[in-house]
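Colleague: If you use my numbering, the sequence shown corresponds to residues 1 to 543, in order.
Hints are computed from structural coordinates only; laboratory data are not their basis. Among the hints, erroneous ones may be present.
[To be verified] Quick list of in silico lysine to aspartate or glutamate cross-link-like pairs, DMTMM-like style, CA-CA up to 20 Å: (1) Lys-448 x Glu-398; (2) Lys-448 x Glu-402; (3) Lys-446 x Glu-398.
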Amino acid sequence: MQTLQSTPTPYRTDYAAAIHEILTDPSAAVRLFANLYRAAIIAKDEPAYDLLRGCAVCVALEHVELGLSIRQAGIANLSATGLLGLLCGFFTEPQILDLPADIVDVAFAAIGKFAILIRNFGDDETKSQALNTIRTEPIRTLWNSRRHVLCAPSGPLLLRTLNLLTTYRRRFAVSQSDFSTAAVLEDVHIYFFCWIHMTEEQGTSEQPLNSLVELVRPKDEVWDGERVFALFSDDSQVMRMIIEEHGEEAILRRIRIATDVTASDIARGRHTILHACFDRSLMISTLIRLLALVHGSKKFSGVAGDLLCSQLRLQDMIRQCQRGSIQKPRNPTFEMIHRDMAYMSCWSSISTVLTTIYITDQQAGTPGTFLVLSPDRFSSVLKRGLELLFEELFLLSERHLEDLVTIFDQHPSTSAPGQFLTSFKDVVGLRLWSLSVAALRGLASKQKTSPAGALAGSLAQSLHDWGHASGLGALVANRSELDARIAHYCSWRGCAHFYREPTERALSTCRGCGQVWYCGKECQRLDWRQGGHREACRRLNGP
Numbered sequence: 001m002q003t004l005q006s007t008p009t010p011y012r013t014d015y016a017a018a019i020h021e022i023l024t025d026p027s028a029a030v031r032l033f034a035n036l037y038r039a040a041i042i043a044k045d046e047p048a049y050d051l052l053r054g055c056a057v058c059v060a061l062e063h064v065e066l067g068l069s070i071r072q073a074g075i076a077n078l079s080a081t082g083l084l085g086l087l088c089g090f091f092t093e094p095q096i097l098d099l100p101a102d103i104v105d106v107a108f109a110a111i112g113k114f115a116i117l118i119r120n121f122g123d124d125e126t127k128s129q130a131l132n133t134i135r136t137e138p139i140r141t142l143w144n145s146r147r148h149v150l151c152a153p154s155g156p157l158l159l160r161t162l163n164l165l166t167t168y169r170r171r172f173a174v175s176q177s178d179f180s181t182a183a184v185l186e187d188v189h190i191y192f193f194c195w196i197h198m199t200e201e202q203g204t205s206e207q208p209l210n211s212l213v214e215l216v217r218p219k220d221e222v223w224d225g226e227r228v229f230a231l232f233s234d235d236s237q238v239m240r241m242i243i244e245e246h247g248e249e250a251i252l253r254r255i256r257i258a259t260d261v262t263a264s265d266i267a268r269g270r271h272t273i274l275h276a277c278f279d280r281s282l283m284i285s286t287l288i289r290l291l292a293l294v295h296g297s298k299k300f301s302g303v304a305g306d307l308l309c310s311q312l313r314l315q316d317m318i319r320q321c322q323r324g325s326i327q328k329p330r331n332p333t334f335e336m337i338h339r340d341m342a343y344m345s346c347w348s349s350i351s352t353v354l355t356t357i358y359i360t361d362q363q364a365g366t367p368g369t370f371l372v373l374s375p376d377r378f379s380s381v382l383k384r385g386l387e388l389l390f391e392e393l394f395l396l397s398e399r400h401l402e403d404l405v406t407i408f409d410q411h412p413s414t415s416a417p418g419q420f421l422t423s424f425k426d427v428v429g430l431r432l433w434s435l436s437v438a439a440l441r442g443l444a445s446k447q448k449t450s451p452a453g454a455l456a457g458s459l460a461q462s463l464h465d466w467g468h469a470s471g472l473g474a475l476v477a478n479r480s481e482l483d484a485r486i487a488h489y490c491s492w493r494g495c496a497h498f499y500r501e502p503t504e505r506a507l508s509t510c511r512g513c514g515q516v517w518y519c520g521k522e523c524q525r526l527d528w529r530q531g532g533h534r535e536a537c538r539r540l541n542g543p
């Protein structure tokens with residue numbers, strides 16, 4: 001060790017040998033570091049400075065409370081930030097291309113420990129500098145040289161890369177400029193490289209699945225799927241490059257696994273991460289929309305449509321959890337992130353994909369959706385569309401009605417395979433089907449001359465045909481019984497008897513139009529006050 005302390009020059013280009021020798025005698029590492037520091041910083045010995053960077057990795061790994069160790073070694077003027085800079089400089093050296101993966105793993109672990117020290121004791125300026133140092137040196141260097149360093153990447157190295165991209169990024173970021181579009185898109189490239197090259201077990205653990213959510217969401221902000229979609233779609237070249245580099249099969253397979261794992265987490269009752277599952281679901285859905293938008297091939301659109309529908313199924317599971325089958329997590333933002341607009345937006349995207357699948361993949365006169373979608377996923381799309389239709393019946397846009405009419409026209413019950421009819425009966429169910437048919441007939445009757453009335457009549461007939469073909473119609477004695485069911489559901493969204501829980505008695509209709517039902521005046525007043533039925537009712541004055 002004395003020889004190494006006095007003449008560090010022979011180790012100038014042999015980092016692995018120097019690091020190995022230091023690790024065999026940790027107690028001497030601090031003394032060696034002190035000598036190297038004096039030679040490099042005070043005597044301006046460039047070879048010693050080069051070796052100093054490599055040795056910093058070992059010292060940091062062996063001494064978690066590095067600041068104390070340095071002071072004991074007599075180097076009081078070297079701050080934690082300065083040492084972090086030396087450590088990150090390790091990644092700029094050409095020799096890193098020749099280092100084994102375990103040595104690089106050691107360096108990442110050391111950076112993590114330095115980051116914690118700076119987070120705990122540094123001011124805002126120091127934290128911002130640390131973030132830039134971490135992003136601009138080790139991460140970027142590894143990315144630029146990935147075909148050399150990461151040709152056979154280790155699992156720990158990939159996971160630590162994601163840690164630096166997300167965990168420490170959120171800890172150090174002090175301004176919105178740290179989340180600029182350019183910075184996020186650059187990090188997305190690295191994220192996909194790490195995610196695609198992980199093993200299946202590593203890639204489906206909670207950390208990587210939640211990392212991209214953390215990556216694109218500004219600090220302490222509620223999730224905004226449309227903002228993220230806009231962020232990526234503004235530079236669609238990014239997504240094209242990701243597809244070209246990794247291949248569509250690898251990306252879709254990874255997304256499908258992530259979807260299945262998220263659904264499994266919910267099904268097993270892991271309510272503590274329910275809000276994370278929702279974020280994860282929206283993020284995966286956004287990625288699929290982008291990939292389908294950018295790629296546009298027939299095969300890709302079909303598979304992407306199937307995955308999008310699985311996302312809707314996943315969100316339906318979360319909605320069931322919110323209704324009480326699983327306890328909601330104690331998260332202050334939870335009530336904000338599951339608003340219906342998110343589901344409506346997702347359904348609109350999926351409905352577009354369904355019609356695209358029909359156009360691009362139709363074979364032998366059979367609607368393409370039946371060929372590429374599972375029955376349950378297809379039924380989940382129809383269920384969500386009908387839920388939105390019933391919940392927003394009198395504020396519904398013609399575009400929503402048109403989408404539903406198109407889907408049912410392109411997928412008539414007469415050509416639906418038996419498995420799809422069975423799934424429709426089980427997933428949609430008698431209650432939602434009967435309410436939707438009755439409500440659509442009422443709308444068509446009241447608005448005979450309007451475009452919405454014509455669409456409602458066509459949709460009611462298609463829905464009626466699907467119900468009878470699937471066996472739901474046999475559960476209702478006659479049409480009058482079907483129409484009477486709607487009178488047992490309150491129209492105020494906040495009521496316990498809103499369409500999911502019927503009352504035992506028939507409700508009173510709105511005195512203005514007779515098209516909606518309420519438990520009483522209080523429910524009607526609340527509905528009007530919140531703008532639910534007020535805009536559609538023919539009465540000008542409130543109750």
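Colleague: Hints first: check each against the structure and report whether it holds.
Modeller: Against the structure, the hints come out as follows:
As the CA atoms of Lys-448 and Glu-398 are separated by approximately 14 Å, the hinted pair is consistent with the 20 Å bound. The hinted pair formed by Lys-448 and Glu-402 meets the criterion: a straight-line CA distance of about 16 Å does not exceed 20 Å. The hinted pair formed by Lys-446 and Glu-398 meets the criterion: a straight-line CA distance of about 16 Å does not exceed 20 Å.
Hint compliance for this structure: no hint is broken.
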